[in-house]
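Participant: The chain contents come next:
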Amino acid sequence: MSEELHYKSASELSELLEKKELSSVDLTKAIIARTKAVEDKVGAFNSYDEADALAQAEASDARRAASASLGPLDGIPVGIKDNLAVNGQPLTCSSKMLEKFVSPYDATCIEKLKTQGAVLWGRLNLDEFAMGSSTENSAFKTTSNPWNLDCIPGGSSGGSAAAAAAGQAVMTLGSDTGGSIRQPASHCGVVGLKPTYGRVSRYGLAAFASSLDQVGPLTRSVKDAALLLQAISGHDERDSTSYKIAEPDFVAAIEKQRGHKWTLGLPKEYFATAANTPAMEPVLKAIEYYKSLGCEIKEVSLPHTDYAVATYYIVATAEASSNLARYDGIRYTHRAETFDAKDSVDIYCQSRAEGFGEEVKRRIILGTYVLSSGYYDAYYLKAQKARTLIRQDFENAFKEVDALLTPTSPSPAFKKGEKASDPLSMYLSDIYTISANLAGIPGMSLPCGYSDGLPVGLQILGKPFKEDELLSIAYEFEAGHDFKDQHPQL
Amino acid sequence: MSEEKHIDIDYTAKLARINLTDAEKEKLSAQLDSIIGYVEKLEELDTDGVEPTAHPHPVYNVWQEDQVQEGLSIEEALKNAPAQRDNMIVVPKVVD
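Protein chains in written order, with our numbering: chain Z, 1 to 490; chain W, 1 to 96.
I should point out that these hints are in silico values taken from the structure, not numbers from a laboratory.
All C-beta atoms in this analysis are idealised placements derived from N, C-alpha and C, irrespective of residue type, glycine included.
Be aware that one or more of the hints could be misleading.
[Stated by the list, open to error] Have a look at the derived ranges for each label pair, beta carbon to beta carbon:
#1 W/64 - Z/65: 51 to 57 Å
#2 Z/415 - W/41: 43 to 49 Å
#3 Z/7 - W/38: 51 to 57 Å
#4 W/79 - Z/428: 49 to 55 Å
#5 Z/378 - W/21: 15 to 21 Å
#6 W/63 - Z/338: 42 to 48 Å
#7 W/59 - Z/306: 25 to 31 Å
#8 W/65 - Z/51: 38 to 44 Å
#9 W/71 - Z/298: 52 to 58 Å
#10 Z/378 - W/64: 33 to 39 Å
#11 W/79 - Z/373: 36 to 42 Å
[What the hints assert, rightly or not] List time: in silico BS3-like cross-link candidates among lysine-lysine, alpha-carbon distance up to 25 Å:
#12 W/79 - Z/415
#13 W/79 - Z/419
#14 Z/114 - W/41
#15 W/41 - Z/268
#16 W/27 - Z/419
#17 Z/342 - W/41
#18 Z/96 - W/27
#19 Z/419 - W/14
#20 Z/96 - W/14
#21 W/41 - Z/96
#22 Z/244 - Z/261
#23 W/27 - Z/416
[Claimed, not checked] Below, a sample of chain W positions facing chain Z; criterion: calculated Cβ distance under 10 Å:
#24 24
#25 62
#26 68
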């Protein structure tokens, strides 16, 4: 074994487990040891439960010994973003509001992982309630980028991306409302995939913006992303927005579609603004690589791109203000100890003042404003109409091309604190990722090079429910490069 | 970016059920004004006759049969309550 256990891919580890050359207990111990060795530097975890993970690993080994393996994920440690419910484990959303909350049930994606024998490992840090692009909005800790500890890991799934990059989990789950899987994946040099809206059940994901949220994988290889997406996909009657559609075999598809000559579009509006950004050079090289494989590269237009950030911050904050109304200080959250008892609503107002951090307050108040009487039509309804135009831009582009190539983020990971005081500039850094959520299409970020030693991601956007094509396009690039075997020095 | 659209922070924070300190009010209203100024660029967009998108894919009414199923037990459901007694959540008295 040339490579350390903690950097092996799930597909390799799965073979070793199947051949009984490795036990899940030994693998899980290696992941725990790695986690402890680098956690002081990386800070990816809000918490972890070693005994629980080892008990899951023992159960997996017992199944394999009895020739009753539950499939390729049986015994593989998967890290979980701390906004996904795992029965009996904390679910903090990195918020003081839920600091003491323990989930009484499993999210559907978690239930699926359990049915397939995965070892659920740890609670990964995020921007509070997934609101942010740097993980600096966590109420509990700052996560560092494993490639440069002075930099942010991206967000909101910063803990998930950093843990995957640092070998603290074999793969991880995140959630993506406006880029929260893809942007941290690009900043940490891992693969991140936001599925089509409706592909993965949102049941048990703490809601941020329900018409945009999706759960998806962060992994060190494309094949592992296919494997983990396969495991969590599927219609769920507990999420009425989950979609009834056939589940392709993603792992088989990426092998079967090898060598296909894809037609790939470059949205000219994205490249106009990105022309001179430092993240651009590796992206342009990646485009050249696809050309060299015989893929056709075409310029396309997404004319409403310039309205995407505005549309997104109306839709997302409106939905957030409604979703986060449930955190009332009464039933299962933080409750203020002192409040004005003569004012019947002050217990809510004070509990929420104490429980929510600054960014969450900012977004709830903005969302309340755009939904408030007299402003609803001007903002929320207008944004929903703009959303239709943005969605139609993609439908038109996909008449000409199979998928779009773009940078994932305008720049590589920035320094901690750099954008903390300017929320609008932080919002604008999501410019390439948010449209996919508005349009409901799948998107992924793939490591494609470096800028000043920091990873850069290539974003691939695809047609609804064509994750198999995204993965195949990504697999083609990965096969011709060795980024998946490059790891940060920790 | 018309003046009258600037956010009434006291009113909106009250609607949102969040107490803010004076310092927070000052900071947030300045930031929110700049964000609202930015999102007002949507006004330029001609959306006459455009249907709003609430869900990106064609999913409409979803029905299922009513079925009696096991739910959480009272203990499980109340486990996270900030205060509880006799299988109920304790709340402060709000009427005299």
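Participant: Indicate, hint by hint, whether the structure satisfies it.
Facilitator: The hints, checked one at a time:
no., hint, verdict
1, W/64 - Z/65: 51 to 57 Å, "violated (40 Å)"
2, Z/415 - W/41: 43 to 49 Å, "violated (29 Å)"
3, Z/7 - W/38: 51 to 57 Å, "violated (42 Å)"
4, W/79 - Z/428: 49 to 55 Å, "violated (42 Å)"
5, Z/378 - W/21: 15 to 21 Å, "violated (29 Å)"
6, W/63 - Z/338: 42 to 48 Å, "holds (47 Å)"
7, W/59 - Z/306: 25 to 31 Å, "holds (29 Å)"
8, W/65 - Z/51: 38 to 44 Å, "holds (41 Å)"
9, W/71 - Z/298: 52 to 58 Å, "holds (53 Å)"
10, Z/378 - W/64: 33 to 39 Å, "holds (37 Å)"
11, W/79 - Z/373: 36 to 42 Å, "holds (38 Å)"
12, W/79 - Z/415, "violated (40 Å)"
13, W/79 - Z/419, "violated (39 Å)"
14, Z/114 - W/41, "violated (47 Å)"
15, W/41 - Z/268, "holds (21 Å)"
16, W/27 - Z/419, "holds (16 Å)"
17, Z/342 - W/41, "violated (43 Å)"
18, Z/96 - W/27, "holds (21 Å)"
19, Z/419 - W/14, "violated (28 Å)"
20, Z/96 - W/14, "holds (21 Å)"
21, W/41 - Z/96, "violated (35 Å)"
22, Z/244 - Z/261, "violated (29 Å)"
23, W/27 - Z/416, "holds (21 Å)"
24, 24, "holds (7 Å)"
25, 62, "holds (4 Å)"
26, 68, "violated (15 Å)"
Going down the numbered hints, you'll see the structure goes against 1, 2, 3, 4, 5, 12, 13, 14, 17, 19, 21, 22 and 26, while the others check out.
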